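Using the sequences and the accompanying hints, generate a full structural model.
Numbering (numbering that gives the first Met the number 0), first residue to last: 0 to 179.
None of these hints come from the bench; they were simulated from the model. Where hints are given, some of them may not hold.
[To be verified] Calculated pairs, DMTMM-like style, for lysine to aspartate or glutamate (alpha carbon to alpha carbon, straight line, at most 25 Å):
| no. | residue 1 | residue 2 |
| --- | --- | --- |
| 1 | Lys80 | Glu129 |
| 2 | Lys73 | Asp145 |
| 3 | Lys73 | Glu148 |
| 4 | Lys67 | Glu3 |
| 5 | Lys164 | Glu84 |
| 6 | Lys117 | Glu138 |
| 7 | Lys73 | Asp98 |
| 8 | Lys73 | Asp156 |
| 9 | Lys67 | Asp135 |
| 10 | Lys77 | Glu52 |
| 11 | Lys95 | Asp145 |
| 12 | Lys73 | Asp153 |
| 13 | Lys77 | Asp156 |
| 14 | Lys94 | Glu129 |
| 15 | Lys168 | Glu148 |
| 16 | Lys164 | Asp145 |
| 17 | Lys95 | Asp123 |
| 18 | Lys117 | Asp169 |
| 19 | Lys73 | Glu100 |
| 20 | Lys67 | Asp49 |
| 21 | Lys168 | Asp135 |
| 22 | Lys117 | Asp156 |
| 23 | Lys80 | Asp169 |
| 24 | Lys4 | Asp123 |
| 25 | Lys95 | Asp135 |
| 26 | Lys80 | Glu177 |
| 27 | Lys174 | Asp156 |
| 28 | Lys173 | Asp145 |
| 29 | Lys77 | Asp123 |
| 30 | Lys80 | Asp123 |
| 31 | Lys80 | Asp153 |
| 32 | Lys4 | Asp162 |
| 33 | Lys94 | Glu78 |
| 34 | Lys73 | Glu177 |
| 35 | Lys67 | Glu177 |
| 36 | Lys173 | Glu100 |
| 37 | Lys126 | Glu100 |
| 38 | Lys126 | Glu78 |
The structure presented is a predicted model; accordingly, all values stated were derived computationally and were not measured.
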Amino acid sequence: MGAEKVIIADTVRPLWQNILAAVCFTLCGYVFWLYFSRSPEVSDLETHRDYMEMGVFFLILAIGLCYKRGIQIKPQSKEFKATFEIGPLVLGQWKKIPDPEYVSVFQQAVQQGNNIFKVNLWYDRNKHWELYTNTDYRESFLIGFDLSEQLAIDLLDATTPNDYKWIDKDEWRKKLNETS
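Laid out in structure tokens, this is it:
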């Protein structure tokens with residue numbers, strides 16, 4: 000049987016960003032500690048605003064450096080959750096996938112002649128969720144293939160403009176078994 004839950008992480012942050020985020024969270028905590036440990040008789044509105052602005056600045060900077068987006072899918076119950084993750088905190092809400100039809104992998108041109116590959120889950124005839132984006136064709140395709148296998152739906156290779164191909168998944172399974 001398939002996996003209980005499929006997790007697709009959209010971003011993996013480099014170590015230096017995580018370290019810088021930890022420093023910013025620490026500075027944010029220190030600024031708020033200074034703000035709340037001040038004597039109550041100090042009522043300088045300008046000073047209060049400065050502390051709050053600085054604390055919020057460090058908090059936003061820290062979150063921007065360490066957040067990750069992701070997708071979680073429960074193939075058995077056909078549920079989907081787009082996640083926003085900050086460390087162990089995972090935010091998102093489960094939604095039912097109405098009539099999943101197929102997964103597509105397609106190519107999109109970006110700046111300076113580079114391309115990115117996107118994996119979409121199509122449902123309800125012409126609606127889709129963008130699940131994954133990467134610059135590596137093979138990794139994007141493998142994620143699309145795995146997702147289509149977990150949901151027992153078709154896979155469309157739309158990486159060549161105007162030359163879309165339905166993938167013979169039996170043939171791909173054989174190829175994957177040969178390379179393993």
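Okay, the hints, checked on the actual structure:
1. Lys80 / Glu129: 12 Å, holds
2. Lys73 / Asp145: 13 Å, holds
3. Lys73 / Glu148: 13 Å, holds
4. Lys67 / Glu3: Since the Cα atoms of Lys67 and Glu3 sit roughly 22 Å apart, the hinted pair holds (cutoff 25 Å).
5. Lys164 / Glu84: 34 Å, violated
6. Lys117 / Glu138: 10 Å, holds
7. Lys73 / Asp98: 14 Å, holds
8. Lys73 / Asp156: Judged against 25 Å, a Cα distance of about 23 Å means the pair holds.
9. Lys67 / Asp135: Answer holds: Lys67 to Asp135 is near 18 Å, not above 25 Å.
10. Lys77 / Glu52: 43 Å, violated
11. Lys95 / Asp145: The given pair, whose Cα atoms are some 19 Å apart, holds under the 25 Å limit.
12. Lys73 / Asp153: 17 Å, holds
13. Lys77 / Asp156: 22 Å, holds
14. Lys94 / Glu129: Given pair Lys94, Glu129 holds - Cα atoms ~14 Å apart, limit 25 Å.
15. Lys168 / Glu148: 8 Å, holds
16. Lys164 / Asp145: 17 Å, holds
17. Lys95 / Asp123: 12 Å, holds
18. Lys117 / Asp169: Holds - the C-alpha atoms of Asp169 and Lys117 are around 23 Å apart, at most 25 Å.
19. Lys73 / Glu100: 15 Å, holds
20. Lys67 / Asp49: Roughly 29 Å between the alpha carbons, so the hint for Lys67 and Asp49 is violated.
21. Lys168 / Asp135: The hint holds at about 20 Å.
22. Lys117 / Asp156: At roughly 11 Å apart (the allowed maximum being 25 Å), Asp156 and Lys117 satisfy the hint.
23. Lys80 / Asp169: 29 Å, violated
24. Lys4 / Asp123: Given that 25 Å is the threshold and the Cα spacing comes to 22 Å, the pair holds.
25. Lys95 / Asp135: Not satisfied, since the Cα-Cα distance of roughly 29 Å exceeds 25 Å.
26. Lys80 / Glu177: 33 Å, violated
27. Lys174 / Asp156: It holds: about 16 Å lies between the C-alpha atoms, which stays within 25 Å.
28. Lys173 / Asp145: 14 Å, holds
29. Lys77 / Asp123: Holds, at about 13 Å.
30. Lys80 / Asp123: 17 Å, holds
31. Lys80 / Asp153: With Cα atoms ~21 Å apart, Lys80 and Asp153 stay inside 25 Å; holds.
32. Lys4 / Asp162: Violated, at roughly 32 Å.
33. Lys94 / Glu78: The given pair, whose Cα atoms are some 5 Å apart, holds under the 25 Å limit.
34. Lys73 / Glu177: 28 Å, violated
35. Lys67 / Glu177: Answer violated: Lys67 to Glu177 is near 34 Å, above 25 Å.
36. Lys173 / Glu100: 23 Å, holds
37. Lys126 / Glu100: With Cα atoms ~10 Å apart, Lys126 and Glu100 stay inside 25 Å; holds.
38. Lys126 / Glu78: 15 Å, holds
Checked against the numbered hints above, the structure breaks hints 5, 10, 20, 23, 25, 26, 32, 34, 35 and satisfies the rest.
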